[in-house]
Amino acid sequence: MRYQTVIGLEVHLQLSTRTKAFCGCAIDFGQAPNSCVCPICLGLPGTLPVYNKEALNSAIKVALAFNCQIQEHTKFDRKNYFYPDLPKNYQISQFDLPLSRNGHMYIYTENKPKRIGITRIHLEEDAGKLVHEEANSLVDFNRTGIPLIEIVSEPDLNSPQEAFDYLTGLKSIIEYLDVSDCDMEKGSLRCDANISLRPEGSSQLGVKTELKNMNSFKGVKDALQFEVERQAELLLSNQQLVQETRLWDAEKGRTVSMRSKEGAKDYRYFPDPDLTLFNINKAFVEEIRGRLPELPLDKMHRFMKDYSLSEYDAKILVSSKKDSQFAEECIKIYSEKDKKPLVNWLIGPLLQEAKVRKAGISELNIEKKELVNLVGFVQRQEISGLSAKTVLSQMIDTGKSAELLIKEGNLLQVSDLDDLNKIIESVIALNAKSVDDFKAGKSNALMFLVGQVMKKSSGKANPKIAGDLLRRRLSNA
Amino acid sequence: MELNQLTAHQLLDKIKDGSITSQAIFDSLYQRVNKIDDKVNAYVRRGNLERTGKESGSKSELLGLPVTIKDNICTEGLNTECCSKILQGFRPPYDATVINNLKRSGAGIFELKANMDEFAFGSSTENSYFGSTHNPWNLDCVPGGSSGGSAAAVAADEAIWALGSDTGGSIRQPASFCGVVGLKPTYGRVSRFGLIAFASSLDQIGPITKDVEDAAILTRIIAGYDPNDSTSVNQSVPDYTKSLTNDIKGLKIAIPKEYFVEGMDPEVKAVVDEAVNKLKGLGAVIKQVTLAHTEYAVPVYYIIATAEASSNLARFDGVQYGYRAKSDNLIEMYKKTRAEGFGEEAKRRIMLGTFALSHGYYDAYYLRALKVRTLIKQDFDKVFSEFDCIVAPTSPSAAFKIGERTSDPLKMYLSDIYTISVNLAGIPAMSIPCGFTKNKLPVGLQIMAGAFNEETIFKVGHTYEQNTDWHKLKPVIRL
Ligand SMILES: [Zn+2]
Chain A
1 MRYQTVIGLE VHLQLSTRTK AFCGCAIDFG QAPNSCVCPI CLGLPGTLPV
51 YNKEALNSAI KVALAFNCQI QEHTKFDRKN YFYPDLPKNY QISQFDLPLS
101 RNGHMYIYTE NKPKRIGITR IHLEEDAGKL VHEEANSLVD FNRTGIPLIE
151 IVSEPDLNSP QEAFDYLTGL KSIIEYLDVS DCDMEKGSLR CDANISLRPE
201 GSSQLGVKTE LKNMNSFKGV KDALQFEVER QAELLLSNQQ LVQETRLWDA
251 EKGRTVSMRS KEGAKDYRYF PDPDLTLFNI NKAFVEEIRG RLPELPLDKM
301 HRFMKDYSLS EYDAKILVSS KKDSQFAEEC IKIYSEKDKK PLVNWLIGPL
351 LQEAKVRKAG ISELNIEKKE LVNLVGFVQR QEISGLSAKT VLSQMIDTGK
401 SAELLIKEGN LLQVSDLDDL NKIIESVIAL NAKSVDDFKA GKSNALMFLV
451 GQVMKKSSGK ANPKIAGDLL RRRLSNA
Chain B
1 MELNQLTAHQ LLDKIKDGSI TSQAIFDSLY QRVNKIDDKV NAYVRRGNLE
51 RTGKESGSKS ELLGLPVTIK DNICTEGLNT ECCSKILQGF RPPYDATVIN
101 NLKRSGAGIF ELKANMDEFA FGSSTENSYF GSTHNPWNLD CVPGGSSGGS
151 AAAVAADEAI WALGSDTGGS IRQPASFCGV VGLKPTYGRV SRFGLIAFAS
201 SLDQIGPITK DVEDAAILTR IIAGYDPNDS TSVNQSVPDY TKSLTNDIKG
251 LKIAIPKEYF VEGMDPEVKA VVDEAVNKLK GLGAVIKQVT LAHTEYAVPV
301 YYIIATAEAS SNLARFDGVQ YGYRAKSDNL IEMYKKTRAE GFGEEAKRRI
351 MLGTFALSHG YYDAYYLRAL KVRTLIKQDF DKVFSEFDCI VAPTSPSAAF
401 KIGERTSDPL KMYLSDIYTI SVNLAGIPAM SIPCGFTKNK LPVGLQIMAG
451 AFNEETIFKV GHTYEQNTDW HKLKPVIRL
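Read top to bottom, the protein sequences are chains A and B.
Take the first sequence: its position 386, counting from 1, is numbered 386 in our numbering, and each next residue is one higher.
Take the second sequence: its position 140, counting from 1, is numbered 140 in our numbering, and each next residue is one higher.
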């Protein structure tokens with residue numbers, strides 16, 4: 001039997017607002033433990049929360065970017081559970097009247113657009129962090145009360161790769177909105193996954209596993225892949241799956257059951273009486289919508305139209321906001337009508353350099369004007385493509401201009417006819433056999449002679465011009 | 001009369017004309033506390049009775065006049081323990097908004113905090129970790145609760161005036177039992193920031209005083225919008241002393257028939273009937289009305305209040321502050337801390353509330369209670385569309401004996417039967433002394449009005465006071 005994989009993701013994002021969600025504490029990472037706290041986020045008796053309008057604005061921005069409907073009436077609820085990192089022993093969250101519902105975004109696995117539903121996006125507060133020592137556990141409340149949004153997808157993802165692409169796309173949108181760091185390693189983006197398998201064609205969902213403890217997009221993909229195989233194996237051998245929470249062990253590359261009474265948890269949600277129901281004004285939402293930046297999908301379509309780019313090229317260029325801005329500025333500087341050669345350099349060698357350096361193309365130490373110059377040298381056939389790649393790498397390392405590096409490396413292709421003719425004459429004189437072969441009709445001989453010219457010029461001869469000159473010279477002789 | 005026996009407005013006049021200092025008032029209060037509080041136990045005495053602070057000598061409105069504060073209102077640097085073992089040693093690093101307002105107005109904060117039922121859970125102040133408060137009118141009786149310490153202190157002249165909190169009658173019922181004035185303001189009128197929450201949607205801080213004029217002064221000072229409390233309402237605070245006229249001619253007063261039913265002490269009924277007649281004699285138009293959903297108020301209240309309390313009290317877990325039981329294991333530490341730190345009534349209410357919010361019961365209890373709460377509120381809205389105020393007894397009985405109802409929580413819960421609806425509806429209400437039973441125990445008259453109409457309450461209360469002497473009588477404490 002063949003199985004279909006069904007995946008839904010829950011993403012938590014820390015919003016990078018100036019202050020916490022329900023108090024006035026500044027959000028400042030990397031400070032000494034328990035230095036960014038006040039009686040409110042410490043949950044001291046008698047304190048009350050007041051919601052942060054900036055966090056609400058950011059959350060509405062995100063919801064609109066994911067095409068969600070903003071709910072007119074919304075409220076905060078208390079999610080009750082005991083844990084030492086939760087000073088009130090309840091988390092202020094949203095339950096039955098979330099900020100927004102019914103959104104979607106597109107992913108491009110295998111280059112085909114696929115619509116992924118977003119069930120809901122809501123606002124809540126973060127918990128603190130436990131630090132375990134040998135004999136004690138300590139609590140750091142700096143993180144407590146930082147605004148979080150939860151983005152819940154529909155179970156529309158059908159492979160670990162799709163889940164990976166969803167996360168990449170999601171991160172790209174958030175980055176465009178500039179509302180969160182989206183750094184999974186630092187914990188500003190967290191992702192839990194629900195995964196189940198069902199017989200292909202079936203409309204009923206199978207028994208699901210909740211996966212936690214992944215700390216990179218790749219980790220999410222790997223954990224899901226492991227689960228697909230584990231669940232398929234059990235199903236194929238007619239074994240019963242149990243609904244459970246499993247933790248991803250990145251080192252061992254497998255998921256492990258949490259073996260807790262997780263399923264029986266009752267959070268006793270109820271409306272937080274300290275933060276009453278409130279209405280979100282439609283005009284206010286429209287105002288935020290009007291101020292939304294251009295999002296990746298729109299930018300992709302614009303690039304395709306304005307610069308005649310293929311969907312594939314445009315998609316790569318827009319995946320990061322800063323990189324897309326960098327690319328667009330380069331494209332504007334590049335004066336040729338056909339932008340393809342420049343784009344090929346942007347998504348080819350330049351992107352390669354960026355990957356090697358674990359950075360984005362916009363973060364590389366290279367001036368846009370210089371990159372465009374370099375592409376110009378190649379287009380005018382003044383240097384070879386191979387040399388240009390070396391020059392590009394050196395430009396990034398040294399910050400020197402393309403022209404200077406080409407000069408220093410003596411890399412200009414010999415296109416001067418006098419110089420080339422001298423080399424050709426000497427090659428003809430030294431390779432009489434090949435000359436005869438060519439004249440006898442063996443076209444391979446010309447290739448050999450061009451090779452000799454290249455060798456004699458230490459690779460700087462322009463091979464195309466050299467070939468033309470040779471052919472003309474030998475036909476005339 | 002001694003200074004401690006005077007009202008705040010009388011003392012303010014004396015400070016103004018230079019005949020006394022606020023220091024002298026503090027001194028007379030401490031003398032009184034030293035003399036009688038072993039009997040009354042109105043104050044929580046954590047060690048010595050020495051004063052810790054210096055008299056401010058403030059030139060602002062209240063001129064350093066001391067105010068007594070209930071133990072559940074946060075006072076910076078002063079223990080605030082809700083009379084619970086679990087908050088042992090808790091000293092808030094901040095003042096409640098009402099304390100800030102008082103200090104800004106030149107009040108002196110009395111260092112001893114008033115006794116109360118643990119976390120305001122109770123109607124008798126018997127549930128205090130620091131022992132019961134005794135009713136100054138009869139030391140064998142309860143002072144009511146939960147603000148029993150505040151009410152007894154004012155009645156016994158151990159306080160000039162005091163702040164209490166009222167979730168289901170916790171200011172008005174003890175005011176009634178102790179023969180003093182107690183107001184629960186409109187929900188949202190006074191900031192709750194710094195009030196250690198019992199039931200957030202019902203709690204309000206209010207004054208307990210020797211007369212209506214003092215209540216009007218103190219209410220204006222503590223009231224007002226607070227950006228730190230999302231449930232406080234941004235509406236200007238009137239000068240309530242302007243409402244203290246001696247004139248209620250033509251005022252329409254409603255008498256709810258559901259508040260004069262069987263189970264009510266006939267002596268209390270007779271006293272209240274007499275008070276209503278008095279109001280009629282002063283020119284008010286009296287008419288009987290119905291508040292049809294009154295019978296559901298007690299069950300609705302005990303679902304909503306305990307549900308909110310179960311969550312509000314979750315933070316007392318031994319991790320950050322207060323009492324912590326020793327254990328190597330986190331879950332064990334939680335269990336032992338809460339088992340040893342909370343008293344019986346607190347545990348009972350946490351259990352009730354946890355149950356009401358649990359999966360499978362939430363709709364049947366909590367959600368339904370919210371719906372009935374709306375109906376109760378609509379009953380009042382209807383009456384106030386025709387009437388200026390409602391007058392009723394504050395409690396179905398006068399003060400009962402200490403220990404009499406401790407074994408029967410249900411009977412204890414019924415002592416709040418006439419005060420609870422007001423909290424559910426969010427409206428203001430005040431209890432004023434209106435007579436005594438044969439055993440010389442005070443009876444309270446409750447005046448209720450529509451939301452943000454405290455002015456009418458003060459007007460009726462003050463007029464009644466101007467034409468009676470009940471508020472001037474003082475208990476004699478046998479030493
Ligand atoms: Zn804070």
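Hint data in this document are derived by calculation from the structure and do not stem from the laboratory.
Honestly, I wouldn't trust all of these hints.
To be verified - Going by beta-carbon spacing under 10 Å, a handful of chain A positions derived as facing chain B:
| id | residue |
| --- | --- |
| 1 | Leu-48 |
| 2 | Phe-82 |
| 3 | Lys-88 |
| 4 | Tyr-307 |
| 5 | Glu-408 |
| 6 | Gly-409 |
| 7 | Gly-451 |
What the hints assert, rightly or not - The calculated lysine-lysine pairs, modelled on BS3-like cross-linking and capped at a C-alpha distance of 25 Å, are:
| id | chain 1 | residue 1 | chain 2 | residue 2 |
| --- | --- | --- | --- | --- |
| 8 | B | Lys-35 | B | Lys-440 |
| 9 | A | Lys-265 | B | Lys-401 |
| 10 | B | Lys-347 | A | Lys-75 |
| 11 | B | Lys-35 | B | Lys-377 |
| 12 | B | Lys-411 | A | Lys-265 |
| 13 | A | Lys-75 | A | Lys-186 |
| 14 | B | Lys-336 | A | Lys-265 |
| 15 | A | Lys-75 | B | Lys-474 |
| 16 | B | Lys-472 | A | Lys-129 |
| 17 | B | Lys-472 | B | Lys-440 |
Glycine is no exception: its CB is placed at the ideal position from the N, C-alpha and C atoms.
Hint by hint, which ones does this structure get wrong, listed from lowest number up? Numbers 4, 5, 6, 7, 9, 10, 11, 12, 13, 15, 16, in rising order.
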